[in-house]
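Chains A and B, in that order, are what the protein sequence lines are.
Here our numbering is used: the first residue of the first sequence is 1, the next is one more, and so on.
Here our numbering is used: the first residue of the second sequence is 1, the next is one more, and so on.
Where chains are identical, the list cannot tell them apart; a pair therefore holds if satisfied intra-copy or between any two copies.
List of simulated lysine to aspartate or glutamate pairs, EDC-like, C-alpha gap at most 20 angstroms:
no., residue 1, residue 2
1, K477, E436
2, K98, E26
3, K477, E437
4, K148, D169
5, K236, E71
6, K212, D478
7, K314, D158
8, K577, E548
9, K163, E21
If you are wondering where the hints come from, they were derived from the structure by calculation, not from laboratory data.
There are 2 protein chains.
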Amino acid sequence: MAKRNGGAPATAESMASKQREIAVSEFFLKNRHLLGFDSPRRALLTAVKEAVDNSLDACEEAGVLPEIAVELEQIAETRFRVTVTDNGPGIVRNQIPKIFAKLLYGSKFHRLRMSRGQQGIGISAAGMYGQLTTGSATRILSRIKHAKCAHALAVQIDTRQNKPAILSDTEQDWFPTFQPVNAEGQPDGEPQPSKHGTSVSIEMEAAYQRGKQSVDEFVKQCAIVNPHLTLHYSLKLQSKPETGNRGGGNLKPETGNLKAEAEPKPSEFQVSGLKSQVSAVTYHRAVKAMPKIPDEILPHPHGVELGMLMQMLKDTESRTVRSALAGDFSRVSAQAALDICTRAGIEPKTNPTRIAHHESEALYKAIQETKLMRPPTDCLSPIGEAQILAGLQKELKADFFTAVTREPAVYRGNPFQIEIGLAYARPQENEGLGSEEPVRVMRFANRVPLLYQPGACAMTKGVIGVNWKSYGLSQPKDALPLGPVVILVHMASVWVPFTSESKDAIAGYGEIIDELTLGLQECGRRLSVFLHKRHRELEAARKRSYIELYIPHLALGLKDILKLNNKEEDKIVGNLKKMLEKTHLDL
Amino acid sequence: MAKRNGGAPATAESMASKQREIAVSEFFLKNRHLLGFDSPRRALLTAVKEAVDNSLDACEEAGVLPEIAVELEQIAETRFRVTVTDNGPGIVRNQIPKIFAKLLYGSKFHRLRMSRGQQGIGISAAGMYGQLTTGSATRILSRIKHAKCAHALAVQIDTRQNKPAILSDTEQDWFPTFQPVNAEGQPDGEPQPSKHGTSVSIEMEAAYQRGKQSVDEFVKQCAIVNPHLTLHYSLKLQSKPETGNRGGGNLKPETGNLKAEAEPKPSEFQVSGLKSQVSAVTYHRAVKAMPKIPDEILPHPHGVELGMLMQMLKDTESRTVRSALAGDFSRVSAQAALDICTRAGIEPKTNPTRIAHHESEALYKAIQETKLMRPPTDCLSPIGEAQILAGLQKELKADFFTAVTREPAVYRGNPFQIEIGLAYARPQENEGLGSEEPVRVMRFANRVPLLYQPGACAMTKGVIGVNWKSYGLSQPKDALPLGPVVILVHMASVWVPFTSESKDAIAGYGEIIDELTLGLQECGRRLSVFLHKRHRELEAARKRSYIELYIPHLALGLKDILKLNNKEEDKIVGNLKKMLEKTHLDL
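Please put together the full structure from these sequences, using the hints given.
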């Protein structure tokens, strides 16, 4: 066994000789749990999530109603092939290697506009994980509009340099094709090819398991908050999945309620000598309208720090400070720009690249002191109250539904919008969703379901922070309230502040917590009204049934005293009941 | 207001034109909450932490007993200057800009050896945050051994390119100097200059606040787990800190118990027209022995994934597969290397760079099937049970102390070691540390205190996962146990799997949770023995005092029957009490 260091004390010189640059890909290779690849089960979900996010973003940017196929195929005991195919605009040949095999590369990072992807890390990270665990390359097929053929590439990351390595590069006569299935998972009509689109395929160490953090759950929730999406999901397993006491891999789009899962009816057939279970499901789009394509906005001056302001003044193409302020920021009119300059004691025609440090500080201070309109919010595309209600109603057999889309707000200069949905079901109708269980919180960011790290998420903290006792739910100290309730939380923003690169939880900026709280309280108040009314009704019914018990005895007494016949007795019973019904609301 | 995009649908070509590389510094600038700079309060702590980590690592590598000064100076309402000075080996001039103004640069990332820093991000990130919020540069003074003078540099990051920009670069006759203070915060002896060392100074938007997540707490805990460190901490505030109902900025090294804090006695004097409060404290080293300098190790084959193995075979300097296996990995003898080749069906003399994919897979499989010694653990430097006990005893006035240093274990090929300390105090003696409060968990990774994100940390989860009821503490479901208990948890590893770049919480790998659980259970069993014994003693005392109540009445009765005088009555009372004392253990 060789040692690289005998443990001798170092000197400044010997230490200097060891210092070197670390490629971002090396960094994330060693820290792959930061990207969501810390366990085989989570890796499978993360890979699907990153690919689906990209597909949805691409379709929406190109104005195409998205159709996406997610295929999971188990190719060895601990190995899966994940393939995600879309009908998006496709990717031009030269961009393919960098998009799929270079970390921190993309089109979404530098702009202020709501999208699912934002970092330029996800799909390359999935490929890098596949490469690390199986040595395989990421395989991409892509066809753009009016192209003669599709490009087929196999790429890997040179992790030392964070650069793509192209292993194969051919042209192919390929069209993305989608096979809808019916409720039994059987083919339903002819597969429909699209004229353009992209397919990405990654082999990786992975594990499939059903449950709240599964790919099944992800695609289901994806369909809920993206009603314009048609999603085909198929799963081919070699052996039974690890489900504890549950059965095989059958998928059902609508489970009726949130926890009960239908009995599996997997199709079984032989593939290459191995017993396979194949199950498939199609989530058809519910609406044919595309969500509004959000606008890209300029940064708002109140969200720009001093150092960033200095950088922007250095980089601007404007020739005067005044025009730089008005041209490079949102919500700064020519007049407002003039006001800021005056307040800062700076000549408005000064060349912005010649601003000194203390002048920048004065300008920064003047900006903070100047009242400006809040950032424009057409960069956001909320789900909408109607859509949230529809999604919840599809998910849950409940007695009460409500939804709130808050007005847009701003954190650190970034516009964002909070939406809350809430459903309440009578305990007996939703087995497992008991009144003594914590409520279920479904979290979404820019229409992407968040399944991991609930405890670290501002959304969970927001729910815990509300006093649910005042709305009629019991709630242990510092914990989620209890009850047969589902709470859906969505944050739409030009920049979602995730707590890690795996994008599972949202950082708790004060403004975000405030908006969450207000939205949750509004839903809570409505729930409280419903619960109160229901309580009154139940109470009235209880009293009525109590009195009803005595009506026959009363009638019998009256019959005796007044010497009535049976018919008259029945009439009295009937009349008394009618009286009772008329007055029950006042009881 | 200008818009950059009218919201028109994009094409593959228009999208391609927008795709570009994202510098890692741009990425972290936008995601600075990932690095621990999401709030002004946390930013202050993170900056101190990163600088102190670097200083301690440098001192230990160079075999120098560390002496470090942490100075916080409030220079405006929301602005602080953070200065950390050490007596380490210093940094050679050419490395200074990259170390302080380039993310992902350093000497610790590529080696397998325990150290506080590992990523090459921290101190540059602190400088970048300072630059972003104040426009200032990071100022460094550094002097190496036998140098004629010190180098003084001011550097910033060019965030677009992740490259350092040097703003000034001079030579200076500077020696790092340390002023010890006494318990009242007054100068205690002459300041001692060191012949070499480094000082880094950063101005930033920040907020000072006392409490569990404060710099005060960090330096205190740092001193506990680094008994070989002398640490001078001074705080200069312009106005009262935000402490809720607490007073000013006085610091006390020993608070007697964990929550009560001494009344502040700040020195007040005038600095540049502003009223300042200065307080200072010196934590003197308790031991003069350096901790063992941990060895650097080679990767263990069982922790190397297939993709990594392929990369290593491609990069090796060895000429045969057999010698590559024996030379580039730890715990692979020449014989084991031969066994692996044979098992994989590969000729041992094959050139490792010519190994095909399927051969690598065979090799990988053969490695997994070959029994090898666990990785060497001299790369770790645990705190040790005696030191943990000493630290806890200094911290807490308690009735019971215990500590466990587990044997080293391995996760993903990385050796690690878990240490647990536990202290139990009678509630009445520790005001605020009540029996109905959750226990306090102090977390450390490679001797660095972790103050943020306890909920996301495997250490907290480990404590919650143990059944403390069986050890005599009450514990709500899925929560920390309750009681007047402090639990110290330390993980030492060549690579601590933090859940984010801010290094506040540890990812929950199964092996780590297992080791935590075993260590906690051992401490729990010992606590249980103590509590049981104490319970018996209390019970006996209760019974005795009950009987004692009746002794005078008994004596009175005897006096009456036996016609005794008062003196004889007293004697009887005395004798009965003696009898009781002799027998109380059997009650």
